[in-house]
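Undergrad: One-letter residues, chain by chain:
2 protein chains.
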Amino acid sequence: MHDPLLTHIRRYVALDADESALVVSLFEHRYLPKKTLLLAQGDLARHEAFVVSGCLKAFFTDQDDKEFIIRFATENWWIGDLDSFHNHRPATYAIEALEDSHLLLYTKAAEEILLTRIPRLETFFRILYRSGLIALQRRMMDAISQTADDRYADFVHRYPNLEQRIPQYLVASYLGITPQFLSQIRRKFASR
Amino acid sequence: MHDPLLTHIRRYVALDADESALVVSLFEHRYLPKKTLLLAQGDLARHEAFVVSGCLKAFFTDQDDKEFIIRFATENWWIGDLDSFHNHRPATYAIEALEDSHLLLYTKAAEEILLTRIPRLETFFRILYRSGLIALQRRMMDAISQTADDRYADFVHRYPNLEQRIPQYLVASYLGITPQFLSQIRRKFASR
Chain A
1 MHDPLLTHIR RYVALDADES ALVVSLFEHR YLPKKTLLLA QGDLARHEAF
51 VVSGCLKAFF TDQDDKEFII RFATENWWIG DLDSFHNHRP ATYAIEALED
101 SHLLLYTKAA EEILLTRIPR LETFFRILYR SGLIALQRRM MDAISQTADD
151 RYADFVHRYP NLEQRIPQYL VASYLGITPQ FLSQIRRKFA SR
Chain B
193 MHDPLLTHIR RYVALDADES ALVVSLFEHR YLPKKTLLLA QGDLARHEAF
243 VVSGCLKAFF TDQDDKEFII RFATENWWIG DLDSFHNHRP ATYAIEALED
293 SHLLLYTKAA EEILLTRIPR LETFFRILYR SGLIALQRRM MDAISQTADD
343 RYADFVHRYP NLEQRIPQYL VASYLGITPQ FLSQIRRKFA SR
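Protein sequence lines correspond, in order, to chains A and B. Its first residue numbered 1, the first sequence is counted upward by one per residue in this note's numbering. Its first residue numbered 193, the second sequence is counted upward by one per residue in this note's numbering.
Careful: at least some of the hints might be erroneous.
Claimed, not checked - Mimicking DSS-like on lysine-lysine, the simulated pairs with C-alpha atoms at most 30 Å apart in a straight line are:
id	chain 1	residue 1	chain 2	residue 2
1	A	35	A	108
2	A	66	B	380
3	B	227	B	300
4	A	188	B	258
5	A	34	A	66
Claimed, not checked - Computed spacing ranges between beta-carbons, pair by pair:
id	chain 1	residue 1	chain 2	residue 2	range
6	A	189	B	333	25 to 35 Å
7	A	180	B	202	50 to 60 Å
8	B	279	A	18	26 to 36 Å
Stated by the list, open to error - Away from chain A, derived, C-beta distances all over 10 Å, residues of chain B:
id	residue
9	194
10	229
11	238
12	332
13	335
14	337
15	384
Calculated from the structure, these hints are not laboratory results. Think of the CB as a built atom: it goes at the ideal place given N, C-alpha and C, for glycine as much as any other residue.
The following block holds chain A by itself, in its conformation from the complex (with noise of 0.2 Å):
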């Protein structure tokens, strides 16, 4: 179940054998069913994510009970609320799954742990948040400045095949569209 998670963060930093059965020890499974919640909005979010298999949705919904979508999460990807998770603030989203998932979680208490033992994974967290803070920037500035054409592209390409396992209405509310306009764009690009 660990091998995934230890594939990744090698192609980041090295681990000896030691080091891996530490990190497999710290890293938690969980088994999340289609349409449970891994956190609440408002809640304490406890843990951090690194996804098996599966896919989840990070959402929020506004007074008026509309849902938007932030992003979502599939194998080998990072899903949690860090803010939540290192600051003790409630959650400001929720985590669902949308399909059955298998999850490896960690608690700031492993974290901490895992950084004293394995001083490497400074430099792998280090890493992880960049890369992290480049994408979102980019997803960013697409949100500002592309057309509904471009952003759907732009998801294909950064999710492929999420579109074939994920309901519409969940794409066009990642999009910031309507479900008929999304029906609209992916007429034009299958017709092209």
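Knowing the structure of chain A, use the given hints to seat chain B on it.
TA: Chain B alone, transformed into the frame defined by chain A:
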């Protein structure tokens, strides 16, 4: 000139006298007069910058020459194009001084020396990027769900007094609204 930087780093990690001297030696001072570029869109970013004094904007223009403001940076903020700096890609946006500014710049080579000689800086950058990620995520959530009034209130909170320092049309561009609409919002807030 380097004191604000040392104070800023010491908010996160300790630095002894030798380490402080190394930081000072590796961050190069640059005076950037108002309306000059630190980075042009399409160029390779050779520096990341810490703002000692002054104010800068990060922005990009689309094919129709429409300008989009990504963010501002004032005293004690960092600014640069992380993707270009770390991944050797052409910068996707430009950075320009809005006031005469004093900056402290580091290069990739300087960063390598810093991280090798002061491994604790891994922790500093890990926390810095994590905070950036949290702030950017919040801005993105606000951008997709909030009214212009709420975004204006957040801008005033996020950048205290900046409104008095820069032209109105830049604030409007940052908020994604017209200068006329911004004037209406300001009048509404002033009369409260």
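Undergrad: All the hints need checking, so say for each whether the structure fits it.
TA: Each hint, compared with the structure:
Taken as a hint, the residue 35/A and residue 108/A pair is honoured in the structure, with Cα atoms around 26 Å apart against an allowance of 30 Å. Distance restraint check for residue 66/A and residue 380/B: the Cα-Cα separation of roughly 26 Å lies within the 30 Å cut-off, and the hinted pair is therefore satisfied. Distance check on the hinted pair: residue 227/B and residue 300/B sit about 26 Å apart at the alpha-carbon level, within 30 Å; holds. For the proposed pair residue 188/A and residue 258/B, the alpha carbon gap of about 26 Å is at most 30 Å, so the pair holds.
Proposed proximity of residue 34/A and residue 66/A is supported: the alpha carbons are some 21 Å apart, at most 30 Å. Remark: the range hint 25 to 35 Å for residue 189/A to residue 333/B is upheld by a beta-carbon distance near 28 Å. About 55 Å separates the C-beta atoms of residue 180/A and residue 202/B, a value consistent with the hinted range of 50 to 60 Å. Between residue 279/B and residue 18/A the Cβ separation comes to about 32 Å, which falls inside the hinted range of 26 to 36 Å.
Against the 10 Å criterion, residue 194/B stays outside the reach of chain A, whose nearest CB is about 23 Å from its own CB. Consistency note on residue 229/B: stated as away from chain A, and its beta-carbon is indeed over 10 Å from all of that chain's, at 18 Å minimum. With a cut of 10 Å on Cβ distances, residue 238/B stays outside the contact zone with chain A, its closest approach being about 17 Å. Consistency note on residue 332/B: stated as away from chain A, yet its beta-carbon is not over 10 Å from all of that chain's, at 5 Å minimum.
Against the 10 Å criterion, residue 335/B falls within the reach of chain A, whose nearest CB is about 7 Å from its own CB. Distance check on residue 337/B: its Cβ comes as close as 5 Å (rounded) to a Cβ of chain A, failing to clear the 10 Å threshold; non-interface status is violated. The claim that residue 384/B is not at the interface with chain A holds, since no C-beta of that chain comes within 10 Å of its own (minimum 20 Å).
Hint compliance for this structure: hints 12, 13 and 14 are not met, and every other hint is.
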